[in-house]
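Number of protein chains: 6
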Amino acid sequence: MTDFSRKDGRATDELRPVTITRNYLEAGEGSVLVEFGRTKVLCVASFTAGVPRWRKDSGLGWVTSEYAMLPRATDTRNQRESVKGKVGGRTQEISRLIGRSLRAVVDFEALGENTIVLDCDVLQADGGTRTASITGAYVALADAVAWGIANGHVHPRAGKPVLRDSISAISVGVIDGHPCLDLPYEEDSRAETDMNVVMTGAGKFIEIQGTAEGEPFSRTELGTLLDLAEKGNRELAKLQESVLA
Amino acid sequence: MTDFSRKDGRATDELRPVTITRNYLEAGEGSVLVEFGRTKVLCVASFTAGVPRWRKDSGLGWVTSEYAMLPRATDTRNQRESVKGKVGGRTQEISRLIGRSLRAVVDFEALGENTIVLDCDVLQADGGTRTASITGAYVALADAVAWGIANGHVHPRAGKPVLRDSISAISVGVIDGHPCLDLPYEEDSRAETDMNVVMTGAGKFIEIQGTAEGEPFSRTELGTLLDLAEKGNRELAKLQESVLA
Amino acid sequence: MTDFSRKDGRATDELRPVTITRNYLEAGEGSVLVEFGRTKVLCVASFTAGVPRWRKDSGLGWVTSEYAMLPRATDTRNQRESVKGKVGGRTQEISRLIGRSLRAVVDFEALGENTIVLDCDVLQADGGTRTASITGAYVALADAVAWGIANGHVHPRAGKPVLRDSISAISVGVIDGHPCLDLPYEEDSRAETDMNVVMTGAGKFIEIQGTAEGEPFSRTELGTLLDLAEKGNRELAKLQESVLA
Amino acid sequence: MTDFSRKDGRATDELRPVTITRNYLEAGEGSVLVEFGRTKVLCVASFTAGVPRWRKDSGLGWVTSEYAMLPRATDTRNQRESVKGKVGGRTQEISRLIGRSLRAVVDFEALGENTIVLDCDVLQADGGTRTASITGAYVALADAVAWGIANGHVHPRAGKPVLRDSISAISVGVIDGHPCLDLPYEEDSRAETDMNVVMTGAGKFIEIQGTAEGEPFSRTELGTLLDLAEKGNRELAKLQESVLA
Amino acid sequence: MTDFSRKDGRATDELRPVTITRNYLEAGEGSVLVEFGRTKVLCVASFTAGVPRWRKDSGLGWVTSEYAMLPRATDTRNQRESVKGKVGGRTQEISRLIGRSLRAVVDFEALGENTIVLDCDVLQADGGTRTASITGAYVALADAVAWGIANGHVHPRAGKPVLRDSISAISVGVIDGHPCLDLPYEEDSRAETDMNVVMTGAGKFIEIQGTAEGEPFSRTELGTLLDLAEKGNRELAKLQESVLA
Amino acid sequence: MTDFSRKDGRATDELRPVTITRNYLEAGEGSVLVEFGRTKVLCVASFTAGVPRWRKDSGLGWVTSEYAMLPRATDTRNQRESVKGKVGGRTQEISRLIGRSLRAVVDFEALGENTIVLDCDVLQADGGTRTASITGAYVALADAVAWGIANGHVHPRAGKPVLRDSISAISVGVIDGHPCLDLPYEEDSRAETDMNVVMTGAGKFIEIQGTAEGEPFSRTELGTLLDLAEKGNRELAKLQESVLA
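Residue numbers (this note's numbering), protein chains in the order written: chain B, 9 to 253; chain U, 9 to 253; chain X, 9 to 253; chain R, 9 to 253; chain S, 9 to 253; chain W, 9 to 253.
What you were told as hints is all true, and nothing was included just to trick you.
One copy or two, either will do: identical chains are not told apart, so a pair holds if it fits within one copy or between any two.
Straight-line distance between alpha carbons at most 27 Å, and here's what the computed DSSO-like set of lysine-lysine pairs gives:
#, residue 1, residue 2
1, Lys246, Lys168
2, Lys64, Lys92
3, Lys212, Lys246
4, Lys212, Lys239
Calculated from the structure, these hints are not laboratory results.
Produce the complete structure using the sequences and hints provided.
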């Protein structure tokens, strides 16, 4: 075990270089390019009046997300889902995850009957596209909420921020028996166990999705992976905070 | 906290009555009706020669699953996905989860280039349809594998069972601050945290999917929920074993 | 001709064992499992306020049906129509037939602007799934109408039952030159002529669909087949009556 | 009853003026415009080498049909099924009926592994579009078979015509209590009973589809309707024969 | 170059025989069969109250078009777009072109909040289906506008015709180095440059779509092609005028 | 007319600032970010072995393109075409235009049976997305061809470049009576005439698509617009050349 080293030279508990660029486009009430190493995701927040039909007249807002990959985000070209005529299971699963994660911290009463859609389009994929999307989408969401307040569409309640906390996400996994943080594609595709962990800035859990791709994992291994995820998310939360400052 | 009681009178660590009926239909190489309380799922295994294109000439078999709900499985009628013309995100997510979970224990070399499809159709839904599906589908899978061996299509490797272990799944969640095992719909829809845990008969983890629907959850709460899930899955594994004996 | 005998030993004018189980599920305002020999169909009636757009403000109700087969209802697995993304011609044809047949006896004025949907899902198919569906769906419909009356949604007109008569259906066909009643799959697939006959309890015709699969048939042969169908439907009507008593 | 008269002045057992124009287009191996009164259907036969996958290497040919209506064939414009993205139940039902009816008289061995597709496109609809389609498609089919023989693709067996008999179809129905032949839209939409009868030139039945739209019908009424249908089909068969002479 | 002659014997600046038959069907507020040589298109105008949602309460009308080919309009049969489940790019492109061209001359204020849909269904295709469609659709549109005026739905503004001018279209192209007018399929498929030109009766341009299929073309060649198109459209405008007189 | 000035201060014959960034991503055999003012399009070339079925065994290659807009490329969010389940007419039209334009200069014999797909995804749209796409896609195509040569997949013929010439495109239009070059969205949406002109580096035409959105245009106006387009394309060709040098 002493000889284990990661292809990109990182320590097992080290994030890839992460950058978050705000106002990447002129369109969108929030528009962020997030990079986890070579993974690049464009996260754009659109603020619109009104909510889905089932939520009308509730006085509450809504936040949702759509995730997609450009056809040549990966090494080989994938057919467009628009051309196929249907959205694949993986795409829907990730879209639902992003939306659900962000909704956990939103004060929908303050948002009022408005909807914020987070479009996460992967320009380049090298593992961790869903965790990068959540991490970047939170920043775009924060910008869109600020825009909503500035333009009189969102009314924070006394003493309560509209976003109760920040949200970030990171992947962890077991590679050749070694628990590692933030897996690029090369590691992800051969991980024995693969886990995505969504957390709040305060260090609580929003979502845990862990899968044994090879060997089933034990309670102890789970503990080690969660330790790594907590470290990674702490660093991401700090970065989000400094970027939004 | 002393006053907490579940609507159906169960202890917080108690499963609903679970029954697994083998050979429920005459069609199918395995055909199981699984009931978790009022939740009823028909799990049918179809054994067919050949594998998906991307797996051809690998010498390895494949196991996959499709989950669906009958339109009036729930209190109000849902439109059929065939009529809508597309399969929803939730359906795809669960289909993928069932297939992935079962694949974790299959010796694909022994299976040879054959595919077993597990159709899990929910006749009546009262929470826990995905965990019941996995638990029942494992039994249907075991029957289909036995059929494959008996008919000379599957060739176990010396000293190795084709299914390395059994697979079951159970939901856990926090209701009014109380961690509870095996949530019916009424509890599931108001759970603060909701988690589905897939395990092997040997007590290892295959998949953990936990979501904070309300408050984010702490590491400690996670621990308590996993304890419950381990207990529930132990009991399900025992039931599967006795049913298959 | 003296040597002709059916594989299952029945007389040529004999129905398969038919059972109708009411309240098969807890969901649904009517829920029936109907079995014609090995053919098993789950017929669930859903009662909902409102009617399709084109019937609004007419004061009249509506009854419709959707038929489907589970993927492994038959000997070989069929792809799900939800996954294919479209409903096949046979499925639509049978759905339309069931709805049309049931509507023939409904007092839509008494039903008021409510809709009853009959979902007929074939769990196991061995010929006669459409006739079993109609026969079972009638019972589910009767239960749903009774529910509607009991709950104050349906208002029978003085001296007039909401369902003017009962509806049942049976198949008849010519096998090896012998007219036979109630064909299982094995006979259906090699019948020279195949006919489905929908009748009222009073012995009148609602729908006749006869097809020469092999040789065209004569007016005389048609007569013999209708005699058989009348006998079969008389027996089914009696069974429905006793089940609903 | 003595006062009953049809809007268009016909006797109850009288066909509308029927015309069959061969070689209506230059494309197609058979191309027929058939008119039943104001109903106009363009029936084009396409002869192509090869058969559907499930019939390969059987040595047998195949005949199939696709029926469709132009959007403004009727009084009000209907949305195109191509634009809706799916083919409706009625369209599929009629397409299947036409194909099934024609196949009843084809010697598939003589046809060899070739397929003839009959496209029946309704230019103007005034009731009876399916019966006109079958009647016209038979003529187009005969032309395509002749083309196939002339071009060496079809090889009739000694002493056996490739088409064993001709096929025609007509509607009958009960209008204000009066059994009538060949219903235009105005009658069809208010018929108590409506029946389509497909017959061979020799006077045998290929398909009977009768539906009670209002009152259920008796065995006696059925007899009267079949008498009318036999008369109508006799006349259509004669016309087909003279047109093809 | 002196030896160049067209297969059908026409001069390079000569149209194919063009006929425009009004009132081809009884349905439709305008119904025209247009023929450019062997190309036959049925153009039917449907006048309906109301406009698309985005144009509501504008006081303005709308004109749109849908183009389609019957499956055997061409030498080999094409699959129906309704069966494929989607409308192809070429079909949409032509539908959009026809609608856009016609809208250029409509006084939408006079039309009021009514929509005229032009259905252009190609019965037989031999090149130039889009130009024939536009030319015929204009006549059907003129008839539908006249119908709208006669029936009090359209109110021309003082001194202003509802259709400011007529619209016609013709194809031009370079065949073996020779600029030619009105290309049949055989020429169109081997043209070096292919251009469709939509013009008003007054000789102005509505739309020019020119494509170098082989060699890029020069400004001079463009000039020659436009001269030809102007000549062709002048003749078509005259024919439309005489047909509508 | 002397007072006319463009909102962004440009001369009527002046391009917006144009930048072409090669190797924008690490994926793709060519990957270009092209900007026409605020319009940003990511053009990625994917080189793959093999050609579409209809071109197999021809010895010739293929070049095709798919164009799409990110949902929030524009001021208001558009629904994803993948979610709608179908690709719109405008999208298909532009995809076809890009592919057709590029194919005009490719030596398909040298390309061999390989396909290059050009994905043009609009990150930000401010008019001219199709002309920017063509202009950028040409550069990505040139890089992919160079990659193919360098990797031994493409074999240029003696003395002949694989790309015979460069391809660029620009829009021109009439704004308030003034012919202008390179229209941003604000001008495009109110142009009387709007034209897209695709040209080769040598100054010949590949495609002209001109539409009178308001008043029909005269031959003289057409001349002026083409002059402008020639000037714009000359400048774009020079830029492409310098970028590729």
